[in-house]
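Spelled out, the chains give:
Number of protein chains: 2
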Amino acid sequence: MPKRTASPARKRNIPEPTIARLPRYLRSFVGFAHDHRPVISSKELAAASGINPAQVRKDLAYFGQFGQRGIGYDFKTLDAKMREILGLHKVWRIALVGAGNLGTALLQYGGFAKAGFKIEAAFDVDPSKVGWELEGVRIWATPAIRQVVREKKIEIGVLAVPASQAQRVADAMVDAGIRAILNFAPCVLTVPKSVLVRGVDLASELEHLTYFLEKSNKNEK
Amino acid sequence: MPKRTASPARKRNIPEPTIARLPRYLRSFVGFAHDHRPVISSKELAAASGINPAQVRKDLAYFGQFGQRGIGYDFKTLDAKMREILGLHKVWRIALVGAGNLGTALLQYGGFAKAGFKIEAAFDVDPSKVGWELEGVRIWATPAIRQVVREKKIEIGVLAVPASQAQRVADAMVDAGIRAILNFAPCVLTVPKSVLVRGVDLASELEHLTYFLEKSNKNEK
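Protein chains in written order, with the numbering used here: chain G, 1 to 221; chain H, 1 to 221.
Calculated from the structure, these hints are not laboratory results.
C-beta: ideal position from N, C-alpha, C; glycine also.
Be aware that one or more of the hints could be misleading.
[Claimed, not checked] No farther apart than 16 angstroms at their CA atoms in a straight line, the calculated lysine to aspartate or glutamate pairs in the EDC-like style are these:
| # | chain 1 | residue 1 | chain 2 | residue 2 |
| --- | --- | --- | --- | --- |
| 1 | G | Lys-215 | H | Glu-16 |
| 2 | H | Lys-215 | G | Glu-155 |
| 3 | G | Lys-118 | G | Glu-135 |
| 4 | G | Lys-81 | H | Glu-214 |
| 5 | G | Lys-193 | G | Asp-171 |
| 6 | H | Lys-215 | G | Glu-16 |
[Stated by the list, open to error] Okay, the calculated bits of chain G under chain H, using three or more residues with CB under 8 angstroms as the criterion:
| # | stretch |
| --- | --- |
| 7 | 18-32 |
| 8 | 37-50 |
| 9 | 94-103 |
| 10 | 111-119 |
| 11 | 204-211 |
Using the sequences and the hints given, assemble the complete structure.
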């Protein structure tokens with residue numbers, strides 16, 4: 001069977017759950033790149049990403065025909081396509097608000113830089129932290145958000161403050177021109193329609209696990 | 001139109017994306033409970049949870065007919081049903097491995113206790129931390145996992161260690177009898193089929209945001 005040529009990715013039709021899985025595929029490609037292998041099978045990609053093979057094949061179908069039946073996928077092409085779709089061909093500038101334990105953990109988290117994200121500035125209400133650097137990132141007083149975000153052309157805000165302060169900080173971010181917010185506080189934020197918010201609810205993640213634990217407990221009885 | 005009686009929830013048929021949204025509904029109910037109102041509309045629930053109204057109606061349909069057309073849903077019944085399905089009628093015991101900044105942030109995170117999770121023990125390889133308490137939780141040496149997990153009947157493990165140590169710690173958790181792991185390390189874990197792993201990849205969350213930023217940037221041009 002001849003190798004099919006790549007068709008342009010149908011960007012507008014990719015469903016959100018597939019988009020949500022792309023980062024996991026990208027993470028898996030790193031391992032294959034080390035092996036200097038040009039082609040991977042959906043089974044290999046499934047094992048490396050922890051996503052089931054049928055789902056992998058379905059997801060990859062959205063990226064045009066990069067596969068050769070019985071051989072596999074040209075993962076460099078896939079990697080480039082997925083990065084383009086996720087907007088990862090550039091470095092995104094981030095403002096982190098909240099330099100407590102969670103904020104510090106996020107500053108130390110190597111995964112952001114590797115994925116093309118740069119925390120340009122951190123903010124905290126604690127005067128004893130302001131003016132210092134943490135992991136090479138300067139900590140500013142929270143009221144400076146507007147000025148610093150505009151000066152540094154920051155595009156994404158990460159909220160690592162208690163829920164009671166989250167909405168006020170989100171308002172300041174929006175006012176400063178930030179258009180996407182990753183929210184770690186366990187609350188729903190109200191923002192204009194043009195601003196994207198993604199919430200990371202840590203307790204929800206556990207509740208998803210207990211659903212499956214509970215189900216398997218019942219099946220054992 | 002007469003009020004319909006509740007039919008038993010069709011537990012086995014609820015799709016995973018719906019299950020993943022249940023915690024967000026539960027979080028929204030808290031606000032309604034404060035208002036002492038027995039019934040909420042799908043529109044109100046949508047606004048409070050940040051999920052679109054059509055999706056809310058679709059999701060709630062899996063929980064039998066608790067709705068009255070034009071009036072709304074009896075949210076106490078919904079709340080109880082969702083908690084039962086998520087296995088939240090009991091307190092789940094958790095072992096946290098890694099008492100660095102992320103681990104400390106998780107110990108301080110009020111959302112776990114509120115949702116019915118109790119961190120029973122923390123573990124760290126740093127001898128200067130072992131034996132101390134953090135937020136009322138004792139820190140043990142990592143090799144004590146097996147003994148402590150068995151003694152305290154711990155069911156869920158939370159991994160807050162660097163990626164390089166994650167697989168080794170996961171192996172120890174599995175060996176100790178833990179059947180569900182929440183993994184914050186940016187890596188895929190290999191575990192037996194009977195063990196559930198849910199990965200929280202913080203960079204992925206950002207990559208999901210950049211997809212939408214990139215798309216809206218293109219639409220503006």
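Status of the hints after comparison with the structure:
no.: 1; hint: G:Lys-215 / H:Glu-16; result: holds, 13 angstroms
no.: 2; hint: H:Lys-215 / G:Glu-155; result: holds, 14 angstroms
no.: 3; hint: G:Lys-118 / G:Glu-135; result: holds, 12 angstroms
no.: 4; hint: G:Lys-81 / H:Glu-214; result: holds, 14 angstroms
no.: 5; hint: G:Lys-193 / G:Asp-171; result: holds, 13 angstroms
no.: 6; hint: H:Lys-215 / G:Glu-16; result: holds, 13 angstroms
no.: 7; hint: 18-32; result: holds (count 8)
no.: 8; hint: 37-50; result: holds (count 3)
no.: 9; hint: 94-103; result: holds (count 4)
no.: 10; hint: 111-119; result: holds (count 5)
no.: 11; hint: 204-211; result: holds (count 8)
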